[in-house]
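Chemist: Based on the provided sequences and hints, a complete structural model is requested.
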Amino acid sequence: DAGVTQSPTHLIKTRGQQVTLRCSPKSGHDTVSWYQQALGQGPQFIFQYYEEEERQRGNFPDRFSGHQFPNYSSELNVNALLLGDSALYLCASSWTGLMAFFGQGTRLTVV
Amino acid sequence: QQQVKQSPQSLIVQKGGISIINCAYENTAFDYFPWYQQFPGKGPALLIAIRPDVSEKKEGRFTISFNKSAKQFSLHIMDSQPGDSATYFCAASKISGTASKLTFGTGTRLQVTL
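In order, the protein sequences belong to chains A and B. Taking the numbering used here, the leading residue of the first sequence gets 33, the next gets one more, and so forth. Taking the numbering used here, the leading residue of the second sequence gets 13, the next gets one more, and so forth.
Worth double-checking, as some hints may not be accurate.
Where chain B lies over chain A, by a calculated footprint (3+ residues, C-beta under 8 Å) [to be verified]: (1) 64 to 76; (2) 80 to 90; (3) 131 to 137.
From the derived model, a few chain B residues whose C-beta atoms are all more than 10 Å from chain A [to be verified]: (4) GLN18; (5) ILE30; (6) ALA41; (7) LYS69; (8) SER86; (9) GLN93; (10) SER97; (11) THR115.
In short, the hints are calculated from the structure, not lab data. We treat Cβ as the ideally placed atom computed from N, Cα and C, and that holds for glycine.
Modeler: Structural data, given as structure tokens:
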């Protein structure tokens with residue numbers, strides 16, 4: 033059973049560009065959450081998708097948007113990239129709200 | 013606004029010793045408290061979790077102690093091993109219907125020496 037898979041693993045973008053990150057949840061999971069983890073910090077909640085709708089959102093600007101597909105996979109889009117967006121972006125999937133499983137993350141570097 | 017405070021920031025323990033990491037939360041609506049272990053370059057891995065209806069949960073060498081009145085919980089790692097060297101995060105959430113967001117502490121970098 034493949035766990036949560038994220039792609040790409042590493043990405044370098046220029047300020048002002050747009051980026052799309054992808055996540056496939058663990059088999060049997062229907063809820064996907066995205067987190068941003070700055071270096072040396074704990075993950076910060078961005079938003080959560082369930083039944084293809086955004087159910088909860090953290091304190092992130094509208095430049096951060098997402099989507100969930102019928103097969104439960106998800107995308108995170110970030111527009112107008114800033115240097116401060118450089119971080120590890122984590123996807124977590126779950127089913128009952130407990131035992132969220134994280135992927136290995138996408139390391140985004142904005143230059 | 014930091015809703016989950018974690019200490020210490022870093023911890024050095026000798027092999028075979030006990031590692032203790034503490035967390036305190038503010039939101040009394042939280043009803044699920046997991047601990048995650050993260051190795052460099054990897055995503056956090058769920059270690060152990062507790063609900064507030066119990067005061068202690070043990071899984072192997074890992075134990076969570078929970079004090080609801082003090083709004084505090086802690087992770088004890090017994091017989092610490094060099095392979096336990098990692099960053100540990102406590103987290104809290106309110107389970108409501110479907111999955112809920114996790115609020116993380118700032119992390120504790122644990123180093124277990126020989």
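Chemist: Beyond 10 Å from every Cβ of chain A: is that where the Cβ of ILE30(B) lies?
Modeler: holds (23 Å)
Chemist: Tell me whether the statement that chain B covers the stretch 64 to 76 of chain A is true, taking a Cβ distance below 8 Å and needing three residues at minimum.
Modeler: holds (count 7)
Chemist: Please confirm whether ALA41(B) is truly not at the interface, meaning its C-beta sits more than 10 Å away from all C-beta atoms of chain A.
Modeler: holds (14 Å)
Chemist: Measuring Cβ to Cβ, find out whether LYS69(B) lies farther than 10 Å from everything in chain A.
Modeler: holds (13 Å)
Chemist: For the stretch 80 to 90 of chain A, does the count of residues with a C-beta closer than 8 Å to a C-beta of chain B reach 3?
Modeler: With 5 residues closer than 8 Å to chain B, the stretch 80 to 90 of chain A meets the three-residue bar; holds.
Chemist: Mind verifying the non-interface call on SER86(B)? Its CB should be farther than 10 Å from each CB in chain A.
Modeler: SER86(B) is indeed farther than 10 Å from all Cβ atoms of chain A, at 17 Å.
Chemist: According to the definition I'm using, a residue is off the interface if its beta carbon is farther than 10 Å from all beta carbons of the partner; does GLN18(B) meet that for chain A?
Modeler: violated (8 Å)
Chemist: Quick one: see if chain B covers the stretch 131 to 137 of chain A, three-plus residues with Cβ-Cβ under 8 Å.
Modeler: It holds: at least three residues are needed, and the stretch 131 to 137 of chain A offers 7 whose Cβ sits within less than 8 Å of chain B.
Chemist: Please confirm whether THR115(B) is truly not at the interface, meaning its C-beta sits more than 10 Å away from all C-beta atoms of chain A.
Modeler: violated (7 Å)
Chemist: Is SER97(B) truly not at the interface, in the sense that its beta carbon sits beyond 10 Å from all beta carbons of chain A?
Modeler: Given that every Cβ of chain A is farther than 10 Å from that of SER97(B), nearest at about 16 Å, it holds.
Chemist: Far enough from chain A: is every CB of that chain over 10 Å from the CB of GLN93(B)?
Modeler: holds (23 Å)
Of the hints listed earlier, those the structure fails to meet are numbers 4 and 11, in rising order.
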